[in-house]
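*Asks:* The primary structure of each chain is shown beneath.
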Amino acid sequence: MPEIDAIARSLADALKKPKADYLEARFEESQTSHIIYRGRELESIGRSTASGGNVRALVKGGWGFTSFNEFEKLPNRVALAAEQAKAAGHSKSNLAQVEPAVDTVPSGVKKNPVTIPLAEKKKLLDEYNEIIWSTPQIQTSNISYSDSRKKVIFLNSEGSFITQERADVTLRLTAIAAKDGEVQQVGLSLGSRGHFSAIEGIHEQVREMARHAVELLTAPQVKGGEYTVVLDPVLAGVFVHEAFGHLSESDFVYENERMKEIMVLGKQFGAPLLNIVDSAAEPGLRGSFKYDDEGVRAVKTYLIKEGKLVGRLHSRETAAKMNEKPTGNARAITYRFPPIVRMTNTYIVPGTATFDEIIADTKDGIYVKNWYGGMTSMEMFTFSAGEAYMIRNGKIAEAVRPVMLTGNVFSTLQNIDAIGNDLDMNQGGGCGKGGQSPLAVSNGSPHIRIRHCLIGGK
Amino acid sequence: MERILALAQKAADEAEVYQVASEETQVRFEANRLKQLQTNQSTSVALRVIKDGRLGYATTSGAVNNQELVNNAVETAAFGAAAKFKLPGKSAYPKVDIYDPAVASVAIKDMVGLGEAMIAAITGHTPGIICEGGASKGTVSFKIINSRGGQAEYRKSFFSLGIEGTLVEGTDMLFVGESDSSCHPLSDPQEIIKTVLRQLDLAKRKAKAPTRELPVIFTPDGVTALIMPLMSAFNGKTVLEGASPLRDKVGQLIFDKRFSLSDDPTVAFRTGSRPCDDEGVPSQCNSLVKNGIVKGFLYDLQTAAMAGKKSTGNGSRGRGGLPSPSSSAFVIAPGDTTFDEMVQDIKEGLVIEQLMGAEQGNLLAGDFSGNVLLGYKIENGKIVGRVKDTMVSGNVYTILKDIAAIGSEAKWLGGFLQTPPLYCKGLSVSSKG
Chain A
1 MPEIDAIARS LADALKKPKA DYLEARFEES QTSHIIYRGR ELESIGRSTA
51 SGGNVRALVK GGWGFTSFNE FEKLPNRVAL AAEQAKAAGH SKSNLAQVEP
101 AVDTVPSGVK KNPVTIPLAE KKKLLDEYNE IIWSTPQIQT SNISYSDSRK
151 KVIFLNSEGS FITQERADVT LRLTAIAAKD GEVQQVGLSL GSRGHFSAIE
201 GIHEQVREMA RHAVELLTAP QVKGGEYTVV LDPVLAGVFV HEAFGHLSES
251 DFVYENERMK EIMVLGKQFG APLLNIVDSA AEPGLRGSFK YDDEGVRAVK
301 TYLIKEGKLV GRLHSRETAA KMNEKPTGNA RAITYRFPPI VRMTNTYIVP
351 GTATFDEIIA DTKDGIYVKN WYGGMTSMEM FTFSAGEAYM IRNGKIAEAV
401 RPVMLTGNVF STLQNIDAIG NDLDMNQGGG CGKGGQSPLA VSNGSPHIRI
451 RHCLIGGK
Chain B
1 MERILALAQK AADEAEVYQV ASEETQVRFE ANRLKQLQTN QSTSVALRVI
51 KDGRLGYATT SGAVNNQELV NNAVETAAFG AAAKFKLPGK SAYPKVDIYD
101 PAVASVAIKD MVGLGEAMIA AITGHTPGII CEGGASKGTV SFKIINSRGG
151 QAEYRKSFFS LGIEGTLVEG TDMLFVGESD SSCHPLSDPQ EIIKTVLRQL
201 DLAKRKAKAP TRELPVIFTP DGVTALIMPL MSAFNGKTVL EGASPLRDKV
251 GQLIFDKRFS LSDDPTVAFR TGSRPCDDEG VPSQCNSLVK NGIVKGFLYD
301 LQTAAMAGKK STGNGSRGRG GLPSPSSSAF VIAPGDTTFD EMVQDIKEGL
351 VIEQLMGAEQ GNLLAGDFSG NVLLGYKIEN GKIVGRVKDT MVSGNVYTIL
401 KDIAAIGSEA KWLGGFLQTP PLYCKGLSVS SKG
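Protein chains in written order, with our numbering: chain A, 1 to 458; chain B, 1 to 433.
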């Protein structure tokens with residue numbers, strides 16, 4: 001591997017005499033391995049290594065950005081970024097003040113998951129695949145495992161020099177059942193901040209997933225329309241991410257006067273029982289870090305407190321332009337991209353109700369569980385449940401086909417009328433924005449109930 | 001590359017080295033203003049080996065350590081899938097025009113000018129709209145060599161232009177947008193501007209959709225929502241696994257007689273085109289559906305060998321993994337009905353331009369559903385306004401079996417799909433309010 005430490009150090013002095021209002025550089029090296037099964041057979045197993053870097057410059061409010069994975073002639077790259085910024089800039093540079101940091105942050109993982117023998121990883125995945133295949137009426141399965149270890153060095157013209165390491169493990173399993181031309185699938189997504197043990201010992205969950213895929217073959221489809229829905233922590237986590245999280249990313253707000261009116265602090269978005277937080281400062285979650293990709297220290301940010309909008313997610317630029325405090329939410333998926341405003345670990349703060357109380361209190365509705373996908377257009381969102389069950393007379397009844405929920409964020413947040421006490425963070429998700437996907441995030445929530453939720457169906 | 005191949009041949013029985021190098025320049029506008037100029041340079045190398053009949057794989061980007069790459073590939077081969085295929089030897093490739101040197105010489109200031117022209121026209125038409133977008137240009141160089149003497153290389157240029165507008169009124173948000181791409185430079189933004197202004201005009205008024213079954217016209221952009229289940233169903237791997245609903249339907253009339261679909265990577269100057277696939281197999285146009293009858297599926301080398309077929313030249317590396325079958329550019333044959341005639345034919349129905357979340361349905365079964373992000377209501381043969389809070393769901397196989405009409409005006413979308421509008425008889429619509 002190239003010595004990115006030496007490369008970064010060699011550039012530190014050049015950055016301190018910037019030909020721009022602001023300059024930064026990011027260098028990265030990573031190793032990954034993956035194992036993919038399609039059906040019974042292992043389809044792909046591989047290892048990869050990557051290294052590269054970028055330079056970003058700010059001149060009169062315009063940005064220049066250049067990424068590369070050839071490390072020759074770095075001073076030319078710096079000059080190019082500065083020239084680009086100069087050509088783009090026509091107003092005033094404005095970045096929130098942050099204290100320059102010199103720091104080294106280890107991955108916090110004792111055992112690097114990439115170096116665990118492939119045989120050991122494969123043995124575990126074989127066990128899970130065997131469980132899926134031993135379930136009658138299973139047509140096929142998909143398993144996708146990957147791990148990575150990554151080191152990122154950030155330095156800027158203000159004197160920051162930060163080295164951060166992280167490790168990640170993700171696992172996605174899908175069971176596909178088929179009978180008489182009907183095909184149904186159920187998936188399970190897991191992730192961890194580099195701990196392989198997080199994906200061990202889930203045999204029972206895998207068995208349940210395969211059984212449920214078969215069960216869906218004979219499950220009826222619900223009629224489209226408005227329902228009362230109870231969401232499990234996984235799906236409620238996706239909901240808070242899609243329906244509200246993206247709206248609180250201030251790059252969509254800071255130069256849009258009309259959006260600013262919608263997202264004015266203090267505005268009532270939900271009932272007083274609703275509290276929403278984004279925090280990269282929680283230890284050990286997939287969206288956690290000490291510094292973001294602009295070298296800003298992570299903090300815990302309340303987005304909604306007692307139903308009122310109280311905060312939003314910032315880069316240094318959006319914070320300065322909105323005259324608010326930076327929150328350390330500028331993230332880039334790799335060195336090929338400039339950092340943009342992203343979520344980290346986003347969750348609904350737990351309330352007091354138990355899950356049983358929420359269901360008992362729901363006369364008719366649908367209990368939706370597990371995640372299949374989700375998207376937002378700020379105002380409107382859609383997300384898909386992996387499992388769904390009717391609720392009849394305060395009891396969970398028969399399974400129905402998985403449903404897609406959709407709605408308008410502003411009315412839907414108002415329609416949350418019960419929040420459980422059982423917060424659970426899902427580590428299996430990834431977020432896409434601006435072509436940067438999947439970014440490691442986590443979402444979480446306790447069980448919640450939403451009234452008048454629109455469900456697609458026959 | 002040759003050195004990696006030589007090293008790999010010492011450690012394994014067969015080997016293939018694949019290299020992609022790209023250079024890209026982007027001009028980006030945000031909030032109606034020039035915001036960022038960007039360049040990206042990247043080179044990556046992938047090595048596939050066959051050792052003791054098994055596949056090993058490793059990739060690297062950035063600084064390449066040849067021996068480490070070979071070691072990684074050989075290590076994984078101990079656990080890899082059994083290689084059922086032979087790497088292709090020397091082959092003849094079709095001539096596919098995908099490089100225009102004029103792209104490289106487009107000046108940054110001209111790219112900035114295109115962005116400014118789009119934004120000026122759109123903000124002039126609708127004050128208060130916030131636009132982002134811009135222009136991007138670049139080249140990709142591809143080279144593959146293998147231990148059986150196979151060798152292929154090509155260079156592709158690309159240029160893309162796009163704009164998205166957001167109009168916020170109260171808590172109501174409207175998203176409009178259009179983009180175009182080509183291997184030629186794009187120098188005229190007028191078509192893009194025209195499309196966006198038309199979207200803004202049609203969306204000015206609001207309309208309410210009822211909750212029941214309605215006829216729906218999918219514009220070419222809207223058709224993308226229907227394409228994903230088909231991409232999966234025609235993928236030779238899905239077929240081999242028995243998960244494709246079309247697996248045993250070759251030669252049968254499954255779609256409307258007017259419906260024809262092919263996968264064609266040989267169309268000149270389209271960004272999805274190429275003379276060979278990512279395994280060095282020559283490109284060809286593959287007929288998938290002809291007059292409603294299923295003709296065949298898409299294969300890479302390994303899947304084809306397992307299925308007892310020949311590769312159709314559809315091996316794709318996707319995100320840098322091992323090759324697997326993938327469509328290059330789906331082409332749906334145009335029909336004879338104009339878009340206006342379709343609208344005139346509908347008493348009450350919808351036009352769908354953008355469906356959000358369509359990929360979240362049960363793709364294998366052909367089910368899709370989504371929220372109408374941009375769509376209009378038709379009443380008595382006229383578009384009367386934009387619909388919101390509306391969800392549609394249906395099944396691709398049901399609606400393509402009995403199509404009301406296929407449009408005569410085909411459009412390219414991002415180089416991966418060319419399609420006319422499709423007029424479908426009845427889709428389930430749920431609406432709020």
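It is worth saying that the hints were derived from the structure and are not from the lab. Errors might be hidden in some of the hints.
Stated by the list, open to error - Only pairs whose alpha carbons sit at most 20 Å apart, straight line, appear in this in silico DMTMM-like list of lysine to aspartate or glutamate:
| # | chain 1 | residue 1 | chain 2 | residue 2 |
| --- | --- | --- | --- | --- |
| 1 | A | K223 | B | E213 |
| 2 | B | K401 | A | E182 |
| 3 | B | K109 | A | E83 |
| 4 | B | K35 | A | D21 |
Unchecked claim - Sample of chain A residues at the chain B side, in silico, Cβ under 10 Å:
| # | residue |
| --- | --- |
| 5 | H34 |
| 6 | I45 |
| 7 | G46 |
| 8 | A79 |
| 9 | A87 |
| 10 | L118 |
| 11 | G225 |
| 12 | Y302 |
| 13 | G374 |
| 14 | M375 |
| 15 | T382 |
| 16 | R401 |
| 17 | R451 |
| 18 | L454 |
Claimed, not checked - Residues of chain A clear of chain B, computed beta-carbon distances all greater than 10 Å:
| # | residue |
| --- | --- |
| 19 | L42 |
| 20 | E70 |
| 21 | K92 |
| 22 | Q205 |
| 23 | R207 |
| 24 | E226 |
| 25 | F289 |
| 26 | K305 |
| 27 | K363 |
| 28 | R392 |
| 29 | D424 |
| 30 | K433 |
Note that the coordinates shown come from a computational prediction; the quantities given were computed from them, not determined experimentally. Don't be surprised by glycine CBs; every beta carbon is placed ideally from N, CA and C.
*Asks:* Does the structure break any of the earlier hints, and which numbers would those be?
*Replies:* Of the numbered hints given earlier, those the structure breaks are 8, 12, 17, 19, 20, 24, listed in rising order.
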